[in-house]
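If you read the sequences in order, they're chains C and H.
If you read the first sequence in our numbering, its first letter stands for residue 23, the second for the next number, and so on.
If you read the second sequence in our numbering, its first letter stands for residue 4, the second for the next number, and so on.
Please note that the accuracy of each hint is not assured.
[Stated by the list, open to error] Short, incomplete list of chain H residues facing chain C, as computed with Cβ under 10 Å:
1. Ser46
2. Phe139
3. Val141
4. Trp151
5. Leu153
6. Ala165
7. Leu221
8. Ile268
Hints are computed from structural coordinates only; laboratory data are not their basis.
Where a beta carbon is used, it is the ideal one built from N, C-alpha and C, also for glycine.
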Amino acid sequence: MQPEAIASGIGRECRGLLENGMLPIQICHECEAKWFRPSNFCPACLGSDIEWSEASGRGRIWSKVVFHRRPRISTQPAGGEEPYELIVVRMDEDFLFVARIAKQDSGRATIGAYVRIAKDGAGLPEFNLNSDIL
Amino acid sequence: LNSNSAVRAAPVTLSPKSERAVHIVGIGTSDFGQLFPDQNRYSTEDLAVLAIREALQDAGIRPQSVDSVLAAGLRGVPRWLKTLGMEEVGHFSAQYGSGHSSVNAIMDAACYIAAGASDIVCCVFSARYRTDRTNFDVLGSEESFRPWTLYGMASPGASYAAMWNSYLTTYGLVDRADELAAVPIVQRAHAASNPRAVFRTPLSLDDYAKAPYIVEPLKRPDYCTPADGAVALIFASAPRASATRHPVSLRSIACLCCLPDIDFIQLDYERGAIKRSVAMALSAAGISLADVDVLQIYDHFSPVVLFALEGAGACGYGEALDFIRRGETIKVGGPLPVNTAGGNLAEGYFQGWGHVAEAVRQVRGERAGAGAVPDCSVVLYVASTGGAMVITEV
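Chain C on its own, in the form it takes in the complex (with noise of 0.2 Å):
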């Protein structure tokens, strides 16, 4: 099963903003509550008046994985070929994120590091170091 095959409806919505570079959150004009996680429900009042907002992009590294073996998914995942480094990263609004770091940071990304969403690439986002805060 490809990830084109499950991403109908809200979730189709989130993944062409991701692949259009941008870290999409929604917010609800019913409570304010703003979450990560694709709903068509705010999880804090359950209000169905949602609306797509994007993220700071900044957070700090929680935590990073090397894929030695890949997934068994059918497409290449983003990630790249094996073996690849992904980061688990803490947003600054506090929900967890999980992508690719750039090529030129990836010796540098310890956990615990600040990084933010590099916006000038085309395709999925991924993190820089957030040199402003090192």
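Given the coordinates of chain C, assemble chain H onto it according to the supplied hints.
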């Protein structure tokens, strides 16, 4: 972001007593090791029949005496009940066969008996993970798109690798990462004396060092072993249990379902959910962790054993590597033996059901060989994402 996270539900807890006490009177399993090497000829339903047949024989109970059947991991019309002579069973319930399934189904069974609705309940779990090449990787579904899968973050093992790496960094233990090897090494040693375990050969430190990474920092021996097999448990009310050969007591059970934001990743390494459910199960049983002779921990990946030891209160947060002393503490003969049948890592991955069967064997004192814990009277089972139960002598 999510304001719901501040609201904590209490674990759902049951501690049936006296007239309404709940006993485990029969256990049965398929032979996990024998079924492992080749495509096995048994269907998932056949495996369930094998396990139930053995559990009924173990209890000395006729199939027609069972009034409720709870089946985890089995779908469709349960024609296999007819094979067992149970076609007129009073109540049948099919349940999802997840890691929660043992705690969930056993809670249901205990409630039926404690409420007086049932006298004898059969719970069964069955799966053919190996023959069917079950894919545990997580892609998401139409209901819940998982954005991180686009990057290849799509396996439960990767989530535990991330938690373990975060844990090591948080507690300044990066240079001691290889001490994790003690968990699979001890469990493989325990499985060696379990005649039905998948892996009955020892794992050495050198084997572990040479083992390939799957998702670094986790290596192949840190992963559970999906296999083919079934586990059946027969529960009975106190009056009916007294006529059986070797009843043990389900003293208390606590259920808690904690779903994380990103697949399996919990910022607290699941310890909070474990802490809350263990506290409820122990206090409902009127005991403390010091009274526990054997700890059975749901171990889909080896770091979970360390997280669960901390959650259960065996040691403080960040102290599990110190506590296990390279395995000395958690092996049979140590002060707190863990996963004495080999667990999901070595006995085979049966979603925690094998752990409960082993708990019964240890309390009965019928576990043979090097895995036997002398004078075992209290076993605590801990499910990693929440849920715990206490099994004791009657």
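Here is what the structure says about each hint:
no., hint, in the structure
1, Ser46, "violated (23 Å)"
2, Phe139, "holds (9 Å)"
3, Val141, "holds (8 Å)"
4, Trp151, "holds (4 Å)"
5, Leu153, "holds (6 Å)"
6, Ala165, "holds (4 Å)"
7, Leu221, "holds (8 Å)"
8, Ile268, "holds (6 Å)"
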